[in-house]
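*Asks:* Now for the letters of each chain:
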Amino acid sequence: MIEVRGLTKRYGSTVAVDRLSFEVPPGAVTGFLGLNGSGKSTTMRMILGLDSPDAGHARIGGQPYRRLRWPLREAGGLLEPRAFHPGRSARAHLAALAASNAISQSRVGEVLELVGLQAVARKRAGKFSLGMAQRLGIAAALLGDPAVLLLDEPVNGLDPEGIRWIRGLLRSLAAEGRAVLVSSHLISEMAVMADRLVVIGKGRLLADTTVAELSGRAPSLEEAFLQLTGNSAQYQARNLS
Amino acid sequence: MTARASHQPPGRYRFRHLARMEWIKLRSLRSTWIALALAVVAPAGIAVATGGSNTTSGGMSVSNTLVGMLIGVLLIGVAGVLAMTSEYASGTISATFAAAPRRLRVLAAKAAVVGAAALVTGEAAAFLSFFAGGMTLHHGITAPALSQPGVLRAIVLTGASLSLVGLFGLGLGAIIRHTAAAITVVVGIVFVGGTFIGQSDFAIRPYLPLYIVSHSLGATGPACLPGMASCWLSPWSGLGLLAGYAAIAMLLGGLILARRDA
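Chains as they are written, first to last, in my numbering: chain D, 1 to 241; chain R, 1 to 262.
Possibly wrong hints are sitting among the right ones.
Said to hold, decoys possible - Partial pick of chain D residues on the chain R-facing surface, computed with a CB cut under 8 Å:
#1 F22
#2 W70
#3 L79
#4 R82
What the hints contain is simulated information worked out from the structure, not anything from laboratory work. Glycine is no exception: its CB is placed at the ideal position from the N, C-alpha and C atoms.
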């Protein structure tokens, strides 16, 4: 379970995230939807304790991230597609992270197998394609077998087979009772991947709803999404005038 | 995929877990081993050359054998910077801090691992240089011996300086974050600035890292001679000052690390 309450982040005079509140319940895939630059990544970075909010807070299982006893065993995050040293092997990258949370080295082998990287686990990860890099990031997120997963644009760079794989993976992780938050700017992807939707624009909450409900608002889900985000652009225009 | 483990092991992540993480990170990069090997081989190579060309009738001094250690200092200073900045350059830092959000502990673990690796490297380089320099002397020129007063201290302290310079680099890496900028600053402070200031301002010279390594740590004779504009620091004060520089850099790096967004 992730709770976000009044989360706010400013960069100078720009408000990147604006009093954002929502919840990510266990047992479902929650799609985090917004145009590029709408504040999705900043929100996820604040949930994972990487950036500090100017106001509000985020909690995981009732605790601020920085207080978690074994962070990787409670929440797994995929934030950047290449968050590893190019000269290090996939196995060493995962082994180092595992050591930090007293996760067994046999688990490293398990997640490598799960994401299909065991054959290249000892090669320098810098040579990985974007798709393989995403798989390594997902392996890192799953290392601690966490109850909460946050994935920022995980389908970027994946081929159709990879996209299908991750869709199935996230659905099965949610079915096991985990809270899964997955961001995307692609409404079509969210339509088939997510149960619930949190839509933001200019850092503000535009909708906290289900895929079915949002689809019902317009002839198509895409239409409904564009109406929502179009409103956020108008809001900005009014603000400026 | 196994069913989700609802139980967590008792306790929480500790310094020893983070030290293991940092050790795996350090040892799993080929560049680490290349830098450490060079930091041993290059000073020893220079000691061989210095020994071979030594014609001083009074014999070779221990500081003559250790003159190449300055290259080791440079290499380890850069390696210390990279231990921090390469995480920012690659984005590994977000994975690191997501795994262990208590950043000061992460920095402390990194310092322990980098400092220990640099210490072992520095001592290996210093002892190898000492023996290699003594072996290549021409017939009739006396090699320094470990039993002479101050010789063992000179070797051990010069070796230890690599550890302190490595930590200085690590701290600057945490402050500056960008590889090229941080390396420029370390090389600028330790070498370029040190050389220029040292040649123009004799009053400041004894306090510059480069001169501490070459004239305080490796010295066996008196720090002060009649007619000198200013005295060198004694070996132990020199080491203390180097440790102070490293501590300031690490402290500032820690403050910035804890406050800034990752």
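*Asks:* A separate judgement is required for each hint: does it hold in the structure or not?
*Replies:* Status of each hint after checking the structure:
1. Annotation: interface hint on F22/D violated; nearest CB of chain R at approximately 20 Å, more than 8 Å.
2. Proximity of W70/D to chain R holds as hinted, the smallest CB-CB distance being about 6 Å (cut-off 8 Å).
3. Hint status for L79/D relative to chain R: holds, with the closest Cβ pair at about 5 Å, below 8 Å.
4. A least Cβ separation of about 6 Å between R82/D and chain R falls short of the 8 Å threshold, and the interface hint therefore holds.
In summary, the one numbered hint that this structure violates is 1.
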